[in-house]
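S.K.: Based on the provided sequences and hints, a complete structural model is requested.
If you read the protein sequences in the order shown, they are chains G and U. Counting from 0, one number per residue, gives the positions in the first sequence under numbering that gives the first Met the number 0. Counting from 0, one number per residue, gives the positions in the second sequence under numbering that gives the first Met the number 0.
A few of these clues could be false.
[Unchecked claim] Covered stretches of chain G (chain U as the covering partner; in silico rule of three or more C-beta atoms under 8 Å from a C-beta of chain U):
no.	stretch
1	65–76
2	79–85
3	133–143
[Stated by the list, open to error] Here are some of the chain U residues that sit facing chain G, going by a computed Cβ distance under 10 Å:
no.	residue
4	PRO10
5	ARG16
6	LEU73
7	GLY89
8	GLU90
Since the hints were derived computationally from the structure, they do not count as laboratory data. Every residue gets a Cβ at the ideal spot worked out from N, C-alpha and C, and that includes glycine.
2 protein chains.
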Amino acid sequence: MPVPSSPLKLPPLAAVRVFEAAARHQNFTRAADELGMTQAAVSYQIRLLEDRVGAALFVRQPRQVVLTPLGQRLAGPVTKALRDIGTVFGEICEENQTVLTISALQTVAITWLSPRLARFQVENPQFDVRVRTSQHLVDFATEAVDMAVRYGPGGWPGVTAEKLFDCHYAPLCTPELRERLGLREPADLLNAPLLSPGDTKWRTWFADLGIDSWSPAGRTTMTLDMQAMSIQAALQGHGVALAAPELFAYDIAAGRLTFAVGHAIRSDWAYWVVYPQERQRERKIRLFRDWILAEAEAARMTLARMAGSRGMTVPAP
Amino acid sequence: MPVPSSPLKLPPLAAVRVFEAAARHQNFTRAADELGMTQAAVSYQIRLLEDRVGAALFVRQPRQVVLTPLGQRLAGPVTKALRDIGTVFGEICEENQTVLTISALQTVAITWLSPRLARFQVENPQFDVRVRTSQHLVDFATEAVDMAVRYGPGGWPGVTAEKLFDCHYAPLCTPELRERLGLREPADLLNAPLLSPGDTKWRTWFADLGIDSWSPAGRTTMTLDMQAMSIQAALQGHGVALAAPELFAYDIAAGRLTFAVGHAIRSDWAYWVVYPQERQRERKIRLFRDWILAEAEAARMTLARMAGSRGMTVPAP
DNA sequence: TGCCTGCCATTAAGAGGGCTTATGCTTCGG
DNA sequence: CCGAAGCATAAGCCCTCTTAATGGCAGGCA
Numbered sequence: 000m001p002v003p004s005s006p007l008k009l010p011p012l013a014a015v016r017v018f019e020a021a022a023r024h025q026n027f028t029r030a031a032d033e034l035g036m037t038q039a040a041v042s043y044q045i046r047l048l049e050d051r052v053g054a055a056l057f058v059r060q061p062r063q064v065v066l067t068p069l070g071q072r073l074a075g076p077v078t079k080a081l082r083d084i085g086t087v088f089g090e091i092c093e094e095n096q097t098v099l100t101i102s103a104l105q106t107v108a109i110t111w112l113s114p115r116l117a118r119f120q121v122e123n124p125q126f127d128v129r130v131r132t133s134q135h136l137v138d139f140a141t142e143a144v145d146m147a148v149r150y151g152p153g154g155w156p157g158v159t160a161e162k163l164f165d166c167h168y169a170p171l172c173t174p175e176l177r178e179r180l181g182l183r184e185p186a187d188l189l190n191a192p193l194l195s196p197g198d199t200k201w202r203t204w205f206a207d208l209g210i211d212s213w214s215p216a217g218r219t220t221m222t223l224d225m226q227a228m229s230i231q232a233a234l235q236g237h238g239v240a241l242a243a244p245e246l247f248a249y250d251i252a253a254g255r256l257t258f259a260v261g262h263a264i265r266s267d268w269a270y271w272v273v274y275p276q277e278r279q280r281e282r283k284i285r286l287f288r289d290w291i292l293a294e295a296e297a298a299r300m301t302l303a304r305m306a307g308s309r310g311m312t313v314p315a316p
Numbered sequence: 000m001p002v003p004s005s006p007l008k009l010p011p012l013a014a015v016r017v018f019e020a021a022a023r024h025q026n027f028t029r030a031a032d033e034l035g036m037t038q039a040a041v042s043y044q045i046r047l048l049e050d051r052v053g054a055a056l057f058v059r060q061p062r063q064v065v066l067t068p069l070g071q072r073l074a075g076p077v078t079k080a081l082r083d084i085g086t087v088f089g090e091i092c093e094e095n096q097t098v099l100t101i102s103a104l105q106t107v108a109i110t111w112l113s114p115r116l117a118r119f120q121v122e123n124p125q126f127d128v129r130v131r132t133s134q135h136l137v138d139f140a141t142e143a144v145d146m147a148v149r150y151g152p153g154g155w156p157g158v159t160a161e162k163l164f165d166c167h168y169a170p171l172c173t174p175e176l177r178e179r180l181g182l183r184e185p186a187d188l189l190n191a192p193l194l195s196p197g198d199t200k201w202r203t204w205f206a207d208l209g210i211d212s213w214s215p216a217g218r219t220t221m222t223l224d225m226q227a228m229s230i231q232a233a234l235q236g237h238g239v240a241l242a243a244p245e246l247f248a249y250d251i252a253a254g255r256l257t258f259a260v261g262h263a264i265r266s267d268w269a270y271w272v273v274y275p276q277e278r279q280r281e282r283k284i285r286l287f288r289d290w291i292l293a294e295a296e297a298a299r300m301t302l303a304r305m306a307g308s309r310g311m312t313v314p315a316p
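M.R.: Structure follows, in structure tokens:
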């Protein structure tokens, strides 16, 4: 805990501010112009400060005022201090308007957000977009984050959450692997090389088909923690990954990945864009919200086309 | 002429001040105590500042407030800037109360003021007395001087001038020299070694006695500009100096100098203590004024005794 | 010399803003 | 479950600061 340093005996700061301007101009009238007030007000404030200090700060000469030695000694430090304050406030105001910080899970950030973010950046060059990945639920109150992409059930308190897309899990692999293994029916996967077979979602996926006998025991390729890494392996043709196709719409649309078979399960959770509800009117918030919702919609459409052509079956959640 | 740098876009400084205290205490109520206002006022000002910045500076938690990252970035520079302002004002206030700067002609400063000043310093240790010698009439408006000892006719505009003593010119020398040369009558000086005989005051002194024939031509010891230097020579027994006995009352009282003969002339000018009339109520001004007037009075008394015992004649000015 | 202009001080009157008081809300602690 | 701690909010008052008008002073100019 920082020591609550000395109580700071300060002169009236309004007067200090007026003094600073007057000292800079060596002229009350021009200082008044700069500050948007009248010459009389400047005169009044300067006098106030002089009374406080107990000494004259300006010599009133017929056609001009000049600083006394005392005034000169004040002017430098005061100008510097006030400029420092102005600068630091200016910086954070500026930054607040131009910097847009997005928090997201690493998976989403890498697979979905960053490939699309470049376009947003190009379309909105006035913003400086920064992505921060984190595993925990970001707290807008205490962290310097403007918006977030969250994966969860929604209904968080104090924030506006708008759904980007529901989350499904489908078996994905390269078209080549699919062809080579002759995958057609969901049951064909029982003998296919599954990536991260220890993932309980595989069990769920099979169970959803009525295949309860499946067990990862004995079956092995590698076991990878993260969806993105499984997909990387799948992209190399090393096996079939169970992942959210929404996150890999680009790869699917480009033919680098395809649905191994026509079945997917749906997660209770979804992906959301989230921001403090009291900030929904801010320009940068609105802009990014609109953009990311449009992107999500586009991704969904793409996927719907691809899945439709493959006769996907998706049970209701 | 300094460039009237940028117009400094500043937030309301009153709010900044409140913010600084609140940030330091991490507590609105205690900040309010420190600032001598109510918690509601603090809350109000903080909100004002937050609206201005367009972002929260504090997170309101149930039993405490904590700075947001933005607030943290502000707090440091702001505290420093305000402390700088407080410091520089504090310094000059402090200095204004404790430093007493006296301006005087070099002659008076050396011969009269400094021998007495030590006592003032001892009696008033809370003051830091500084003497500045200068040849020109000091301008209280533009120079960092509190009071002055002036030699002149009085009647200066804008200042209070109180007479310390009238100024006379009397021939002074060591008692030894006086004895050796057998000086008794003013006319005896016609054949004595006069110091700075080129000084027109010697002509005036002789003329005052009705001796118009005196001329410095041919008579020479040295010619010295300054009264003090003539006196230094006189103290060495090198001759008779025409100087203001008031300035050398200590030397006369101590027997190091004496009136060579019993005649003096009086100058139109006098010595004054001078200070800006609007500052006459200030403690340090009053204190020094009272002290120096008392010293002058004491010096006059001493001289009167010495001169009386010598039967001095002093024509009216 | 006299007028005009630039610049600051002073005054009285008025308005606006910030402060205070009072009250409500929330949470923590016992 | 109640009290204490702590901040937010609303209403109203008072004080500060501003404004507007006027005066003074000195320099520039004719």
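S.K.: Evaluate each hint against the coordinates.
M.R.: How the hints compare with the structure:
For the stretch 65–76 of chain G, the stated coverage by chain U holds: 7 residues have a C-beta nearer than 8 Å to a C-beta of that chain, and at least 3 were required. Evaluation of the coverage hint for the stretch 79–85 of chain G: fulfilled, as 7 residues show C-beta separations to chain U shorter than 8 Å, against a requirement of three. With 4 residues having a Cβ less than 8 Å from any Cβ of chain U, the stretch 133–143 of chain G passes the three-residue criterion, so the hint holds. Interface hint status for PRO10 (chain U): upheld, as the beta-carbon distance to the closest one in chain G is roughly 5 Å, under 10 Å.
Nearest Cβ of chain G to the Cβ of ARG16 (chain U): about 6 Å, under the 10 Å cut. The hint holds. About 6 Å separates the beta-carbon of LEU73 (chain U) from the nearest beta-carbon of chain G, less than 10 Å, and the hint is met. For GLY89 (chain U), the suggested interface contact is upheld, since its CB lies about 6 Å from the closest CB of chain G, less than 10 Å. Interface hint at GLU90 (chain U): satisfied, since its Cβ lies 8 Å from the closest Cβ of chain G, which is below the 10 Å cut-off.
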